[in-house]
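> Now for the letters of each chain:
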Amino acid sequence: MKKPIDDASSLQAINRRRDVRRKTLPALAQAGPVSVWMILFVTIPMLFIIYISFMSRGVFGDVVYEFSLESYQTLLDTTYFKVILKSLQVAVFTTVLCLGLGYPFAYYIARKPPEVASKLIMLIMIPFWTNSLMRLNSWLLLFQTSGPINTFLQWSGITDHPITFIYTDALVVLGMITNMLPFAVLPLYSTIEKLQKSLLEASSDLGATPVQTFLKVTLPLTFPGIFSAIILVFIPSLGIYTVSDVLGGGKVLYIGNIIKNQFGSIRNWPLGAALSVLLLVITGLLIFIYTRFAKLEDMEVV
Amino acid sequence: MAKLTKVQRRKKALGILGNIYSVLIYAVLYIPVVVMMIFSFNNQRYNYYWNGFTTQWYGKLFSNDALIGSLWYSLVIAVLATVISVVIGTLGALGLKRFEFRGKKLVNNMLYVPIIVPEIVLAVALLIIFMNLGFALGMGSILIGHCTFCIPYAVVTIKGRISGDGDSLEEASMDLGANRMQTFWRVTLPSIMPGVMSAAFLSFTLSIDDVVMSNLLAGAKNSTLPVLILSMNKTGITPDVNALTTIMILVIVAGMVLSNLVKGRLNKRVPQ
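Residue numbers (the numbering used here), protein chains in the order written: chain A, 1 to 302; chain B, 1 to 272.
Just so you know, the hints here were simulated from the structure itself, not pulled from any lab data. From a predicted model like this one, the values you see are computed outputs, not experimental measurements. Hints are supplied without guarantee of correctness; some may be wrong.
Claimed, not checked - Under the rule of at most 30 Å between Cα atoms (straight-line distance), these lysine-lysine pairs were calculated in the BS3-like manner: (1) B/Lys263 <-> A/Lys194; (2) B/Lys60 <-> A/Lys194; (3) A/Lys119 <-> B/Lys263; (4) A/Lys197 <-> B/Lys11; (5) A/Lys86 <-> A/Lys251.
What the hints assert, rightly or not - To spell it out: a stretch of chain B is covered by chain A in this simulated footprint if at least three of its residues, at any positions, have a beta carbon under 8 Å from a beta carbon of chain A; those stretches are: (6) 63–72; (7) 133–143; (8) 180–189; (9) 243–257.
To be verified - Just a sample of chain B residues kept apart from chain A, beta carbon distances all over 10 Å, derived: (10) Gln8; (11) Lys104; (12) Ala125; (13) Glu171; (14) Gly177.
Quick reminder that beta carbons are idealized off the backbone N, C-alpha and C, glycines included.
Please work from the sequences and hints to get the whole structure.
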């Protein structure tokens, strides 16, 4: 009576062992390293920073492991609150400008034959292999008080005294745009490129004006690209500190600068962590909305 | 000349307008690069204003120890980050595409975190962990930081290259008596090679230009080239940095052209 059961279980064991050899080991070897890396260096640090944001700051800038909402209360102080609002404002402004400038540009490229379009896309990428700080520094050289732009403006009589461009929010926004524009153009390009010409023709054949076609056909169909562009421009703009460091000369402070300072000279880790959590929450919110109508995998990131 | 209809005229005008517009956009993107290159020929100690033409900086930059030291430091980190990211990224892309396992969804979602979340958040999070573990900051911590954002890009890039029919090719290879290793080197890897190369190129450029991670995770001793440039911003950038950056962009563009040629060859060889 026992024998058949034995057979079945030994067959099961053999099957299991074969499964281990055929499936589990390769899966472990292939997906293992990336899984371990992501959990060790993304999941755990992210959870830990949330934890730290609820701790309090000691007298010597150390972290005291006692629950407190102190850091989050500090964020509501007028000084910090103003910085947060200012950062949001600059990020919104940058995003709107990148979309406004990038959409017609992406449309222009997408309507070219594929060989030409891929070269035009390559042309967008080349400047980005130059160190970003050096490119920002170029704007500083061009726009400074005795720089070429002011010299030209005075020479042509447009202004009789030099205009202060440097260390202003306007120049920071220009720097942001030149750093962020490709992240708007690339996702827009790939959705506009997929847009079928026949749909646009059908729309105009049915009597729609070009404006109507754009608003009722083109715009809704390219919406996923628009939202990818918003995410890829807005979120980095919110946390960036190098642009304001170089073009704002330390006078223009954004969330990124404040976070960095908490881990440098000022030493208030819980506050820096709370600001980071704020950025995480905003990011999470946008991604949540995005996944309502598109898949995360479809986001054109490269 | 044949008379154009109203629609044709409008189309032509729009075309010209489009050309002008895109030239303007390219100008905004290229002006900073050109200005950066011009100022590498500036005959002045610090780059504030133009003071005459010289090529001396292209010779002098090699005797600037701090600059060359930081360049080497950046290069070593970028090469190591590229190798680690491409190996883990290639394996990961294959594994995540083929196998089902518990926690796969978590890993897939985690891959998007470094791509989407502002870099400063990830850098600060890693910094807190390293400080708490007493892990000395330096090349190791910067390398971990760089790999953490390069690996996701590598996985996403390579995953896009893995086609559905790759599985049947691999099965055919195994049926014909090749073992797993032979199949990987002779069938799988060649079929995803263009993706692997893009991933390597992307990882290298991301790592070598990174400021945020390198700045926060650097020890007191060495700094990478971008971090050195960031610190120079307060005192003024010397034209030899412009000279070095000019050389680097030329090398990268040459490398890109070369890799595109190779990629073109590979694309031809692999039946799509």
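> When the structure is checked against the list of hints, which entries are broken? Sort them ascending.
2, 6, 7, 8, 11, 12
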